[in-house]
Amino acid sequence: MSSGMLNSSPHGHQRVVVSQLMQQVLLACVPGLTALVFFFGWGTLINLLWLIPLALLLEAAALRMRRRPVRIHLQDYSAVITATLLALALPPTLPWWLSLLGIAVAIIVAKHLSGGLGNNPFNPAMTGYAVLLVAFPDYMTRWLLPAEINHNLPSLIDSLQFFAGREPDAGIDAFTGATLLDSFRQQQGAQLFSEFWDTSLLAGQWSGEGWEWVNAGFLMGGLFLLYKRIISWHIPVSVLATLALLALIFHDGGSSQSQGSPLLHLFAGGTMLGAFFIATDPVTAATAKRGQLVYGTLIGTIIFALRTWSSYPDGVAFAVLCGNFAAPLIDAFTKPRPFGHTS
Amino acid sequence: MTVTEQRRVWPLPGGIYLEPHKAQSLDSAIGKPPLPQQLVLCVTQPDSANAILDVQAGDYVLKGQLLAHGMDDTGINIHASTSGTVLAIRPHVLPNTSGFEELCVILQPDGEERWTRMPPIPDFTQCSREIIYARIQQAGIRGLGGAAFPSHAKLAPGSRIHTLVLNACECEPFISCDEALLKQYAADVVTGVQILLQASHAVRCLIGIEDNKPAAINTLRAVLTDPRIELVVIPAQYPSGAERQLIYTLTGITIATETLPVEKGFLCHNPATALAVMRAVVFGEAMVSRVTTVTGAALATSGNFEVLLGTPINELLLLCGIDTTQLSRLISGGPLMGTQIANLEAPVMATTNCVLATTAAELPAALPEQACIRCGFCVAACPVLLQPQVLYWHTRQQALAAATAHHLHDCIECGACAYVCPSHIPLVQYFRAAKAAIHIEQAHVAVANTSRERFEFHQARGHEEKLRQEQRRAERAALSQQTHEQVPDANGAQATIAAALARVKAKKIEQSVTANTNKQNNGDTGP
Ligand code: SF4
Ligand code: SF4
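Protein sequences appear in the order of chains R and P. With the working numbering, letter number 174 in the first sequence gets 174, and the count goes up by one each step, no holes. With the working numbering, letter number 523 in the second sequence gets 523, and the count goes up by one each step, no holes.
In short, the hints are calculated from the structure, not lab data. Take these hints with a grain of salt, some might be off.
[Stated by the list, open to error] Per the computed footprint, the stretches of chain R lying under chain P, defined by three or more beta-carbons under 8 Å from a beta-carbon of chain P, are:
#1 14-21
#2 113-121
#3 334-340
[Stated by the list, open to error] Label-pair distances were calculated between CB atoms; the ranges are:
#4 R:Arg71 x P:Gln398: 26 to 34 Å
#5 P:Asp211 x R:Tyr227: 24 to 32 Å
#6 R:Ala164 x P:Gln398: 47 to 55 Å
#7 P:His409 x R:Phe333: 34 to 42 Å
#8 R:Thr308 x P:Tyr17: 41 to 49 Å
#9 P:Val203 x R:Arg337: 51 to 59 Å
#10 P:Gln442 x R:Ile72: 32 to 40 Å
[Unchecked claim] Facing chain R, a subset of chain P residues (Cβ under 10 Å, in silico):
#11 Leu12
#12 Arg244
#13 Thr251
#14 Gly252
#15 Ala256
#16 Ala366
#17 Ala371
#18 Val390
#19 Thr404
#20 Asp410
#21 Val420
#22 His424
#23 Pro426
All values reported here derive from a predicted model rather than from experimental measurement. Here a beta-carbon is modelled for each residue, glycine too, at the ideal position from N, C-alpha and C.
Can you make the complete structure from the sequences, with help from the hints?
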């Protein structure tokens with residue numbers, strides 16, 4: 001018997017490791033990523049391949065500066081997840097230095113300067129995204145029109161040139177100045193939406209719009225995470241239900257003042273990515289099940305409010321950050337009652 | 001019982017599903033190891049007071065003869081587990097991790113196994129509650145489920161029991177002693193249950209057993225005819241066998257940590273204890289043995305054995321063909337809540353339900369601890385509905401008050417949270433350490449409080465004394481002034497007296513203020 005190895009119970013352990021969990025999260029991102037690449041060109045993939053090594057490098061540097069063991073902490077994959085989520089959220093036409101700035105803010109400021117993994121109050125990827133959105137709104141709101149409408153989807157070369165800093169307007173004619181929701185607001189009730197949103201889902205014109213597929217992809221990944229019990233249903237369901245309910249209340253059947261149908265809100269912009277992959281970040285979310293319902297409801301409400309009444313095109317990032325901000329308070333009020341306690 | 005429909009059960013909140021690992025020790029009937037060279041019987045009493053010895057070194061004793069007993073009613077009688085000679089009475093190692101020694105009687109068997117029994121009571125139905133209580137106490141019966149709590153204490157006259165819960169869950173992996181015992185002695189266990197029903201005046205008995213023990217369930221079903229006894233099959237889910245958790249599963253009633261199940265009318269016993277009760281009452285046999293599972297990959301064979309209490313664990317390991325080169329950890333109990341045994345010389349005790357000799361492949365060493373990612377797996381696993389990750393946060397920061405506010409003391413140390421944690425944080429270790437720290441702190445506070453009170457008392461008495469002296473001085477001065485009116489320096493003397501009186505007054509005020517503050521602070525009555 002090897003001495004000096006006296007342990008206290010439990011002596012057994014489920015052989016699940018953090019890195020396995022994170023690998024499954026990455027796997028769950030694949031359908032959404034595929035849809036993004038299919039409808040919006042190579043940009044997202046380039047962002048991803050650029051940001052992951054950068055994130056690992058920054059993480060290692062930060063760990064070394066904080067005098068933490070580098071290797072074991074790199075194995076937790078958290079930096080890779082942050083890089084992936086940021087890459088999925090960023091517009092596919094961003095120049096390299098902007099995404100570099102974003103990931104630096106995410107890893108250095110939002111994560112390590114806030115105490116490192118497990119202690120950071122704000123979701124790193126969303127902090128990075130929000131800083132870029134506030135500082136460089138023009139870059140950050142440039143989304144391409146999806147492939148179905150845009151017959152000049154940027155080639156790999158184009159995407160690489162954008163990445164290198166080429167101004168996108170030059171050669172691509174169907175470049176929009178906005179995300180879907182943004183253009184929706186600008187042309188409220190205009191043809192684009194009566195054509196593609198109010199009828200498409202029920203009339204079987206699903207594939208008409210890239211965003212539907214992107215969101216369907218992330219929904220699929222999210223269901224996979226639920227099935228694997230990596231996330232619980234409480235946050236995504238409360239986010240989506242709140243968003244749909246508010247959209248239903250404010251929806252007036254598609255008039256020129258309409259704020260968009262529930263289906264539009266559920267399948268547009270970053271809804272599914274936010275609900276399943278970002279709001280569920282356990283480090284920054286509420287802890288108790290009841291608290292998670294409150295947290296999800298809050299995020300759903302803010303997404304709707306920002307989309308409807310603010311000047312930002314998509315509210316997911318800010319909504320999640322607001323949720324993060326409220327999470328400690330929510331936790332304090334929703335502490336579960338232990339077994340045997342009556343009050 | 002012919003009723004086939006099952007009563008409602010309340011599944012545990014949380015809990016985890018584990019591989020049972022029990023089949024290998026259930027292959028054969030309960031074995032009987034040969035008499036060991038010597039037996040080591042710990043005589044320490046439950047409240048860690050020393051026992052009163054009834055024998056001394058050199059005495060010849062019979063199997064079942066009293067070796068030691070407690071100071072009073074709460075004590076445990078310890079009996080010789082075979083006939084032979086008392087070699088020595090000295091501290092000896094026990095199956096624990098610390099290697100801490102306790103006072104033990106070392107017995108050399110003579111190989112005769114000559115019994116001394118109490119008068120058998122074949123028809124216990126004629127017995128009063130008091131007689132059964134006395135018999136259980138005499139026989140030295142303690143809970144064989146793991147805690148070795150004196151069984152008679154739960155039956156103390158005056159307790160109002162309505163339900164007897166027979167805990168046959170055995171939810172920890174590897175342990176199969178109760179299952180083996182039920183398969184072999186189901187009828188005797190049921191008799192034991194009937195005796196306990198009679199002794200406690202309980203109206204019913206619920207037998208809780210996990211659904212992964214079909215053989216034991218069927219044997220029990222076959223012998224259950226008493227309408228007061230109901231077999232309830234519950235889902236196999238760790239820790240279904242924790243006392244309060246089982247009561248909840250069977251009845252939906254939750255019992256707080258600070259309340260004893262007995263106070264709520266629940267008497268919990270284990271099948272092995274029921275069997276010991278039956279043997280004590282019907283045959284007059286003291287508790288001298290228990291069924292222990294000996295298992296693990298470091299052994300050539302696994303099995304259940306009816307082991308004399310005090311048998312060195314070493315002997316059991318040799319009997320099962322231990323491969324010491326493979327042995328990585330020796331555990332008393334199961335992998336989730338068991339204690340690692342530091343010394344192979346330690347004897348089997350009433351608490352030793354399982355001796356688990358594992359290899360590094362079977363129970364790999366813990367992986368390095370990583371940061372908590374707040375994934376909440378531990379929350380989902382906790383059967384007490386705690387938030388282990390929050391407790392971890394506070395206990396790691398030594399924020400003991402915050403940990404207490406998050407109900408640290410409700411943690412039953414089941415280990416479910418640590419088992420599922422993907423960051424391999426030894427959560428239970430943190431919780432145990434914090435509980436110990438709080439315990440020590442409270443002890444310090446208690447000591448500090450008493451000494452502060454004493455100090456204040458002395459101080460107050462000192463004040464009082466000075467006050468009295470001063471008063472006397474002032475009185476004397478006043479007296480001398482009256483008698484020596486013609487003293488030339490009268491003015492000066494008067495001034496001194498006035499000053500002394502003023503001082504006394506001031507002191508008095510100060511004193512009452514202090515006394516009042518003391519009263520407010522401590523609620524005590526001051527000097
Ligand atoms: S299971 Fe481990 S990593 Fe997950 S929240 Fe609990 S303590 Fe943290
Ligand atoms: S050890 Fe304590 S905190 Fe962990 S699961 Fe068991 S009761 Fe809950």
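Okay, the hints, checked on the actual structure:
no., hint, verdict
1, 14-21, "holds (count 7)"
2, 113-121, "holds (count 3)"
3, 334-340, "holds (count 6)"
4, R:Arg71 x P:Gln398: 26 to 34 Å, "28 Å, holds"
5, P:Asp211 x R:Tyr227: 24 to 32 Å, "25 Å, holds"
6, R:Ala164 x P:Gln398: 47 to 55 Å, "52 Å, holds"
7, P:His409 x R:Phe333: 34 to 42 Å, "22 Å, violated"
8, R:Thr308 x P:Tyr17: 41 to 49 Å, "46 Å, holds"
9, P:Val203 x R:Arg337: 51 to 59 Å, "31 Å, violated"
10, P:Gln442 x R:Ile72: 32 to 40 Å, "37 Å, holds"
11, Leu12, "9 Å, holds"
12, Arg244, "6 Å, holds"
13, Thr251, "13 Å, violated"
14, Gly252, "12 Å, violated"
15, Ala256, "4 Å, holds"
16, Ala366, "6 Å, holds"
17, Ala371, "5 Å, holds"
18, Val390, "7 Å, holds"
19, Thr404, "12 Å, violated"
20, Asp410, "5 Å, holds"
21, Val420, "5 Å, holds"
22, His424, "7 Å, holds"
23, Pro426, "8 Å, holds"
Hint compliance for this structure: hints 7, 9, 13, 14 and 19 are not met, and every other hint is.
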